[in-house]
Every structure is written in structure tokens, then in C-alpha cells.
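Q: Chains as they are written, first to last, in my numbering: chain A, 1 to 259; chain B, 260 to 631.
I should point out that these hints are in silico values taken from the structure, not numbers from a laboratory.
To give an idea of the interface, some chain A residues facing chain B are shown, with a C-beta separation under 7 Å as derived from the structure:
| id | residue |
| --- | --- |
| 1 | 27 |
| 2 | 49 |
| 3 | 85 |
| 4 | 86 |
| 5 | 89 |
| 6 | 161 |
| 7 | 213 |
| 8 | 214 |
Just so it is clear, CB atoms sit at the ideal spot from N, CA and C, and this is done for glycine as well.
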Amino acid sequence: MQDMNDIFEIGGERLNSRLFTGTGKYGDDAMIPDVCAASGSEVITVALRRVDFQAATGNVTDHIPKTMRLLPNTSGARTADEAVRIARLARAMGCGNWIKIEVIADNNHLLPDGYATINATETLAAEGFVVLPYVNADLYVARDLVSAGAAAVMPLGAPIGTNRGLQTKEMIRILIEEIDLPIIVDAGLGRPSHACEAMEMGADAVLVNTAIATAADPVTMGRAFGEAVLAGRRGFLAGPGAQRLRADASSPLTGFLEG
Amino acid sequence: MSFAKDMESYAGLDMSTTIHGKQRRDVHQALGKERPGPDDLLALLSPAAGDMLEELARKAADLTLRHFGRAVQLFTPLYVSDFCTNRCVYCGFNAEQGSKRRQLSLEEVRVEAERIATTGLRQILVLTGDARAKAPPEFLEQVLNVLREFFPSLLLEVYALTRDEYARMIHAGAEGLTIYQETYDPEQYARMHPGGPKQDYAFRLDAPERACRAGMRWVGIGALYGLGDWRMDAFWAALHARWLQDQYPGAEIGLSLPRMRPHAGAWQPEHPVADRDLTQILLAQRLYLPRASITLSTREPARLRENLLPLGVTRLSAGVSTSVGGHGSGQAGTPQFEVADDRSVSEIAAMLRNKGFQPVFKDWQPFDTVAA
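Required output: the full structure, derived from the provided sequences and hints.
A: Here it is, written out as C-alpha cells:
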């Protein structure tokens, strides 16, 4: 739970938690409700390609608590057109109007295609979707996404699933400074300390899936990420003191005035 | 472009001497690399690495968990025709086998599909023998059209097609393709395929590339282990997979590890592959190709499949019949090979859950029905 006067809003919706979670890679989807509860997360992304609307049971969506905001994603899309089609299908199937755009045409590194993402965002935002695009931490792409009508920008911290943390830290810092939309660090965060660091920098939220789903104890890891995000946010709001290279006495040059 | 060109660049290398000359330190070096190269792959397939399987297994298990989590895709093959014009010495569909041949009518395809669908499976691999006149691309399109009603994900394992024909298959609903080179040793390949269109080594070798160029989303390749020297075949299959990954990054490339099984003929493998050897192939290929899906079929017994699962396997067949009509649409034909793990889909799914894995039934669907 965040501080009462610290408002986090996307698409006109207020959120209490700045941790977004995912549904992939779990050994058992049945643990998703416990992870959601432990982490405090209110937004959960789900790959539409894995949702089987025709299956009577056994769907991943069966395990997502009704209180969660569903964030369907376009995982599997290789082009802007495929992403748009998947988004429309998600809305037609009752998944709401939030959509996380993922357009990946390189299976070797799973890096997002910025141009295609901008195109899909423009189309879908015009259709009333709340579009959250997953992109490289690139200022120009982010600015185009603002123009295209994105509701947030989701830069990667490191390639998907690598758990390597904030490898793109300096670029994300620039996005935080320059882009007047929520910045949600997505992909690559492998430890709670990584999430904490992103939040301390001023990121508005983080999305974590692999690090939680593949942990030995996903529920406890979910809780740890929830706490880390909260700590990082509080650290950011508290305004950390400036870093210095040397130890710094409180008034080394003017102390004589008090003598 | 052709992978054959890549193979030619190794013509001057005495691969057997190289692979048998690898030492433990070479294996350690390979294990320490983020992206092992072909020389590292030779080390990982060497006898020296064979004595270090536990070390290989630890890293392979870690990589698999990182990239795939605990999700395992389930599918089953659907044999729709066993007519064949090839004389592959190792295959139960060999044209010279006197067994009665059978091909499903579209109505029978529908019956089989309905029965398979009740098991919960959502991905189907359509198989035929190599008899173009009997099961031409038009027939395959019709089969795919029937199956699309029941399954969101359709794969093909049929005779090698042209690029245009692969494009037709995609249009008809095929998401992916499996095609094995059987053995990458051209001389052994010629001996194993003494007659029929499959004799054309180069046309088959280039088939996965033609499929990628046509836009196939998923392409699975591999060798049939037991036909040739397994270390060489595992090396070439892995190299082939990475070549395809590099040339066609938009396609998802998979590997399979089929091993020779008893069949209707009397031929026995000239290069038997022990369980330990199969394990080494799996580990070396996973370490070389961390993102490739790896399939283990019901050619392997239940216990081995379960033990290999965490080491790199991401796809399992389940509820398998290798006969045309084997799912109950009528009298079943001759099996292509004997199944070693005959557990039902629900039994395989229960096994996965017991071991902490999640059976995945659906991982893609065509979205072309949605308004553009």
C-alpha cells in the first residue's frame, strides 16, 4: 500500500500498488492468487496467446483474482498488424481496454521493435485502448509513443527473462526526466533490490514476472518485490541526499562561525 | 542461401579427431561462455563432456528455467496417411513393406479431431507418409481446414515442400513445421534412403529454410539418432538450428531428439544411442541454443522422459498413436514405430503437475479472424 497522498494513476484509474506482475512461467497457475496477495500487486499481465477462451477449465484467467486489473499483452506478435489484431481480440473477449503492446520479431534476443510498437500504439490509442507499450529504453521512441497516445512507457531494464537488473539504467533515467508519462520498468528485473533501485530513481512502477515465477518460492518472492517497490518509492519521495566521493563533515568551511 | 554452404566450410576439419581430442578444460571453457560457439559445441558433445554430465546438466537446467520457466507444451501427432513412395530402411512406412495402407477421409479426420480435442490437447502435429500423389498439398489444406475448427495450433510433419507450398500451408492454418534431416552425413543418408523422393538430400536440407522464408512461425528440425554417428548428427542439427535462428530471427526454431525405435521392418540401428548419449545430446544442444524449444517424443520411455524433463525439454507429445486411424476413426493402420510411453494426456499432465511443471495446451492461435 502506498502513501495516501502519493497518487499513481494510469488511464484514469488510480492504483495503490506500483508493482505489476505476470502470469507466465509458473509451475502451477494456482499459485497466482497467493502471489498477487503477497505482493500487493493490482495489475497483472497475461499473454493472450495462452488464453483459451474455448476451454471449459484450466485457463490462466481462472486463477487471476477478480480484484486485479487485467493487462493482456500481445506476446507472439511479430508485426504491428498482429499486435493490433490481438488487442482487438482481447477487448472483444472481455479482457477490458488495457493492452500491453509487445512486438518482437527477433526470437534470439526478444528485443521489442520500436517502430512497429509506435504504429500499433497509434492505431489502438485512437480506438480507445489504454496502451502500455513495451520498448527499448530509447528517448526518441518514447517521445513518439507520447505523440501516439500511449498511457505509459514500459522500457526494458534488461532483455526479457535475464534477471540482470537495470542494465539500461542511464537511458531509463533520461526517460524519467524527459517523458511526461508514467515510466514502468519492464523486463530484466531479477531481484527485489533491482526493483527498489528503479523506484528510487523515480520510475513510476515496475513489472516483474520471471524473477517471481521461477523463484524457488514465488509467493515469498512476490512479497519481497512488493516490499522492495514500496521501499524504493518511499526512498524516492524522501529525496535522497546528494552522493559525494569523500566523507563530508557537516560544516567544514564555516564551522568557525559557531566557535 | 543454404545451410549446405555453412557445412562446406567445415570440409577441411577432421571432426571425429577434433571431437575425440577435446579435454575437460575445453568443456569447462565451453560451460563458462555466455554464447558457446561451434568449437565449444564439439567440446560439449565430446567423450570428455560425457564424463561431466552433471556439470552440463546444472547449467542446462538453469538456462531452461530462465527462458521457459516451468511450462511444458503438450501436443500429439495425428497420422492422416501412411502411403509412402520412399524406401527408407529404418521406417515402418517403407514403400516395400507389404502392410495395408490407409488414408483418412476428411470425415475421419473430423472424428479423430473430435476425439483428440476431448483430451484437452490444443496443438496437433499432422503427419503423412511421402506420397505426393495420394496426399498432395491440396489434401493437406483440406485436412488443416477441418482441424482448424478444433485446434488453435496446427503443425505439419510431411514430405518436403516448396516455398510456395509452405506459404499455402500457412494460409490454410499451419503455424509450424517439423522436418528431420534424419542424418546429416550425406553418404549415410544415401544408404538410408535408397529409393523415393526423399533421396534428394539437398532438397530436404533446405526445407526448413524454405519454410522460414515462407513465414512459418515455428520450425522444428533434428536428426533421427541411431542412423549416423550421434555426435556428428547432434553437432550439425544444432548448427543448423542456430543458422536458421540467425538468418530468420522472426521464426522460432525448435529441436527434436527422436531416437530409433523398433518398427515393422527388421533394420537395426548401426549407431545405437544409449540413454547417457541421448542425455548428452540434449544437454549440449540446450547449452548451445538456450532459447530453442526441445521436443522429446513418446519414442522414449516414461521414466527417461521424466528425468530429462528439467534438463532442457520444453515440449512433450502425449496420448500418442503412430497409426493412421489410431484415435478411433476406424481400423488403425500399421504403426510407424512402437510408442514407449503410452500414457494418456491426463496422465502426462498429472505427471507434469506432480513434478512442479505446468502443462501448456495452448500457446498460440491465428488472429486473422479478428477485423483488421
